[in-house]
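There are 2 protein chains.
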Amino acid sequence: MKTITGVVQKETLELSEILAYHVSGEKVKVNGAVHVIRSMGDVAFVMLRKREGLLQCVWTEEETSFDIHLLREGDTVEVCGILSDETRAPHGIEVRIRSVKILSEPAAPLPLPVGKWKLNTSLEARLNMRPVALRNIRERAIFKVQEGICRGFRDFLNGQGFTEIHTPKLCAKGAEGGSNMFRLDYFSKKAVLAQSPQFYKQMMTGVFDRVYEVAPVFRAEKHSTSRHLNEYTSLDFEMGYIDGFEDIMGMETGFLQYTMKLLAEEYENELSILKIKLPETGMIPAVRFTDAKQQASERYGRPIRDPYDLEPEEEQLIGRYYKETCGSDFVFVTHYPAKKRPFYAMDDPEDPKYTLSFDLLFGGMEITTGGQRIHDYQMLLDKIAARNMETDGMESYLSAFKSGMMPHGGIGIGLERLTMKLIGAENVREATLFPRDLGRLEP
Amino acid sequence: MKTITGVVQKETLELSEILAYHVSGEKVKVNGAVHVIRSMGDVAFVMLRKREGLLQCVWTEEETSFDIHLLREGDTVEVCGILSDETRAPHGIEVRIRSVKILSEPAAPLPLPVGKWKLNTSLEARLNMRPVALRNIRERAIFKVQEGICRGFRDFLNGQGFTEIHTPKLCAKGAEGGSNMFRLDYFSKKAVLAQSPQFYKQMMTGVFDRVYEVAPVFRAEKHSTSRHLNEYTSLDFEMGYIDGFEDIMGMETGFLQYTMKLLAEEYENELSILKIKLPETGMIPAVRFTDAKQQASERYGRPIRDPYDLEPEEEQLIGRYYKETCGSDFVFVTHYPAKKRPFYAMDDPEDPKYTLSFDLLFGGMEITTGGQRIHDYQMLLDKIAARNMETDGMESYLSAFKSGMMPHGGIGIGLERLTMKLIGAENVREATLFPRDLGRLEP
Chain A
0 MKTITGVVQK ETLELSEILA YHVSGEKVKV NGAVHVIRSM GDVAFVMLRK REGLLQCVWT
60 EEETSFDIHL LREGDTVEVC GILSDETRAP HGIEVRIRSV KILSEPAAPL PLPVGKWKLN
120 TSLEARLNMR PVALRNIRER AIFKVQEGIC RGFRDFLNGQ GFTEIHTPKL CAKGAEGGSN
180 MFRLDYFSKK AVLAQSPQFY KQMMTGVFDR VYEVAPVFRA EKHSTSRHLN EYTSLDFEMG
240 YIDGFEDIMG METGFLQYTM KLLAEEYENE LSILKIKLPE TGMIPAVRFT DAKQQASERY
300 GRPIRDPYDL EPEEEQLIGR YYKETCGSDF VFVTHYPAKK RPFYAMDDPE DPKYTLSFDL
360 LFGGMEITTG GQRIHDYQML LDKIAARNME TDGMESYLSA FKSGMMPHGG IGIGLERLTM
420 KLIGAENVRE ATLFPRDLGR LEP
Chain B
0 MKTITGVVQK ETLELSEILA YHVSGEKVKV NGAVHVIRSM GDVAFVMLRK REGLLQCVWT
60 EEETSFDIHL LREGDTVEVC GILSDETRAP HGIEVRIRSV KILSEPAAPL PLPVGKWKLN
120 TSLEARLNMR PVALRNIRER AIFKVQEGIC RGFRDFLNGQ GFTEIHTPKL CAKGAEGGSN
180 MFRLDYFSKK AVLAQSPQFY KQMMTGVFDR VYEVAPVFRA EKHSTSRHLN EYTSLDFEMG
240 YIDGFEDIMG METGFLQYTM KLLAEEYENE LSILKIKLPE TGMIPAVRFT DAKQQASERY
300 GRPIRDPYDL EPEEEQLIGR YYKETCGSDF VFVTHYPAKK RPFYAMDDPE DPKYTLSFDL
360 LFGGMEITTG GQRIHDYQML LDKIAARNME TDGMESYLSA FKSGMMPHGG IGIGLERLTM
420 KLIGAENVRE ATLFPRDLGR LEP
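Chains A and B, in that order, give the protein sequences. Using numbering that gives the first Met the number 0, read the first sequence as starting at 0 and increasing by one per residue. Using numbering that gives the first Met the number 0, read the second sequence as starting at 0 and increasing by one per residue.
Rather than coming from a laboratory, the hints here were simulated on the basis of the structure. Hints are supplied without guarantee of correctness; some may be wrong.
[Claimed, not checked] Using 27 Å as the maximum straight-line C-alpha spacing, the simulated BS3-like pairs for lysine-lysine come out as follows:
#, chain 1, residue 1, chain 2, residue 2
1, B, K322, B, K274
2, A, K1, B, K276
3, B, K1, A, K260
4, A, K172, B, K188
[To be verified] Label pairs and their computed distance ranges (CB to CB):
#, chain 1, residue 1, chain 2, residue 2, range
5, A, D84, B, P306, 57 to 63 Å
6, B, K28, A, E389, 38 to 44 Å
7, A, L69, B, Q377, 17 to 23 Å
8, B, A124, A, T4, 42 to 48 Å
9, B, E267, A, T11, 37 to 43 Å
10, B, R87, A, T324, 56 to 62 Å
11, B, A385, A, W116, 39 to 45 Å
12, B, I101, A, A384, 24 to 30 Å
13, A, D184, B, K117, 36 to 42 Å
14, A, T4, B, G438, 39 to 45 Å
[As the list claims (entries may be wrong)] Example chain A residues on the side facing chain B (calculated, C-beta under 7 Å, incomplete):
#, residue
15, T4
16, T75
17, L169
18, V286
19, M405
20, L437
21, P442
Being a predicted model, the structure only gives us computed values, none of them experimental. By construction, the Cβ of each residue, glycine as well, lies at the ideal position given by its N, Cα and C atoms.
Taking the hints into account, I'd like the entire structure generated from these sequences.
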């Protein structure tokens with residue numbers, strides 16, 4: 000019998016350990032993937048790709064008996080060598096190679112020059128070769144930033160008294176209804192994939208007051224745009240005991256402020272690789288739907304066609320308006336028309352044609368839909384009836400309200416869209432590890 | 000135009016704020032759900048359910064003009080009153096009611112006595128009425144503990160240089176193969192729901208060295224047991240540059256150690272409600288599959304029937320053996336027979352009938368499967384061929400190996416099973432917010 004007592008400490012060093020605890024002249028052991036080899040005859044520079052960044056290793060014939068010609072890009076290796084200051088190398092250090100142990104080798108030359116700074120390949124090709132393309136330093140930095148957003152979301156909400164929940168994705172009925180649901184057989188029953196955790200997070204608000212979830216959602220929409228995915232990661236929260244929907248916008252703004260600070264402090268390296276300038280989040284304008292529409296139409300001379308919804312171009316113009324007039328990358332568009340919002344949206348008591356709901360635009364694109372929900376059982380039943388909807392399959396959802404529910408509301412943020420706008424990408428697929436769209440189910 | 004500047008500060012206080020910053024005699028404002036009302040004529044005790052626990056409010060006719068008969072269990076309210084020390088009340092405090100504002104009311108009496116300490120209702124009934132049943136203090140405490148496990152998993156792995164990833168649940172092909180996949184139409188294609196993020200986390204190990212994911216997985220197994228779910232939350236990690244599969248077991252042990260400490264420090268209240276005694280994780284025995292089988296058979300006189308797998312009762316006996324002989328609630332069972340492990344499992348070079356893989360048993364039940372994976376492209380192709388499997392649909396997965404992959408391995412932990420064992424439940428559904436099984440697709 001053996002025993003396992005905890006994390007096995009490694010002799011190999013990570014970049015942050017080297018930079019914090021080691022000095023020029025010390026012997027170090029490191030591992031990594033051979034990212035690029037630049038051979039100049041007597042001397043060769045071997046750039047190792049490590050999880051925290053690149054580390055330059057230098058080979059010279061005098062210093063090692065290792066044959067540099069045995070080394071190929073794509074190998075993974077363990078290198079022993081002498082740490083040395085070198086201002087021209089990444090992080091100002093390099094390792095002068097004494098010995099190399101090859102851990103694994105590729106079976107063929109790499110299909111993409113992942114060692115280049117920027118992959119000059121079409122998005123389509125990069126997505127097709129995603130497992131390899133992501134080894135490029137810039138490509139992978141995007142998903143490190145995405146990690147930071149999720150960390151920010153959870154850490155901030157944990158600090159605000161929220162509880163994390165995990166709700167089912169296999170459901171008997173969709174939250175939003177409509178035709179955009181993936182359907183499947185669930186043993187002898189019919190099931191759909193969750194379009195959102197809406198019903199569940201509302202029910203759980205009755206339990207924990209404040210809840211959040213980070214999980215996939217599924218939309219069988221036949222969109223083929225640069226903004227739509229058929230599966231994406233939704234950052235959802237729902238909070239009880241609100242005094243108005245401003246509380247919800249305030250909480251989202253708090254999340255953005257917290258997360259931008261976290262990114263600035265702990266993801267400096269990735270921000271620099273991607274040349275990201277973090278947006279200001281100190282003060283976000285909130286403007287009524289009808290006003291925003293009017294303002295954008297007047298300023299940019301674009302006629303209003305659909306009075307009940309925002310066309311993508313209108314979102315862009317509203318974003319532009321608030322960038323130009325307030326310097327803000329974000330704008331809350333509030334009081335959406337009731338007919339374009341789901342049944343559970345709270346109507347504005349001052350004018351029930353509108354709702355106490357909002358979208359958050361970032362760089363002229365919707366990244367969030369949120370709002371106050373109906374919490375009164377009878378009001379909910381009345382609204383369902385007024386829409387000629389059935390309550391079949393909603394019994395559990397309704398039971399939460401029948402047993403009493405505090406005033407509440409919440410939001411859903413599209414993680415990939417938020418990432419996309421933050422990194423300044425033109426296509427949401429750039430910010431999705433393995434995107435799913437009308438044509439793409441692989442890799 | 001309005002502006003939103005961040006989290007809206009509330010006048011209402013949470014329990015932790017009261018306990019930290021307020022003293023007897025102070026006027027306070029609190030909100031909550033009316034959990035229980037105990038009326039004794041002149042005096043009534045109103046127990047408020049708040050997210051951090053229960054708060055006793057005391058009504059007397061002399062102190063307020065509010066008519067206590069207007070209040071019902073299930074109401075949500077805002078209470079103003081005077082904070083007062085009271086050793087017999089939860090947390091040693093109570094609020095002497097001055098005024099009450101009713102925020103919402105239930106439309107009918109509650110279908111379950113959620114205010115009772117323990118719901119004496121069948122599991123089936125509690126699951127049917129889940130949105131209301133979870134308002135019971137003991138029921139909801141389970142999911143606060145579950146939150147703690149997820150926090151522990153992420154925080155620990157973030158500290159160990161792992162990157163969080165989000166991989167698709169709609170896939171063209173399942174990772175494990177076999178018949179236990181949910182199938183659906185994906186536009187003009189055929190799709191399956193992910194049984195595990197196995198392929199994706201391996202591919203991403205080639206990118207980030209160490210990755211993890213907390214996400215739903217789907218198994219169309221026709222099991223109907225107290226241990227199986229058809230959708231569950233999987234805690235997955237995968238790590239590169241391992242020297243052996245002990246590194247993986249060490250990392251999992253590190254996670255358990257970190258998480259038990261986190262629970263002890265920050266979830267004291269829930270542990271106490273649920274009477275949980277946290278298991279020791281300082282040293283976990285690791286024993287070979289064949290030895291464990293033999294030991295349990297000899298000690299408890301149970302003949303070995305299936306030499307290639309562990310029957311549930313054998314897992315229990317192995318768990319019991321190591322509890323009795325080592326005092327350990329956990330045991331790693333290592334070197335599973337190759338024929339019962341997936342193609343990507345690394346065979347033991349000393350005896351390829353076995354693999355460098357393991358299960359972790361907790362309280363005699365498997366909560367984790369893990370192991371070292373094959374990292375060499377040709378070895379992987381050979382194993383696929385030896386099993387008469389097709390590489391169709393695995394091109395992307397294989398491309399990661401073709402382009403070079405370090406030695407690596409990882410694990411998947413069933414979150415609900417780990418929670419179940421930790422709280423000492425007999426059925427995994429107790430530890431699942433909204434379980435999905437052969438008969439249950441709602442709520």
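Output the numbers, in ascending order, of every earlier hint that fails for this structure.
-> none
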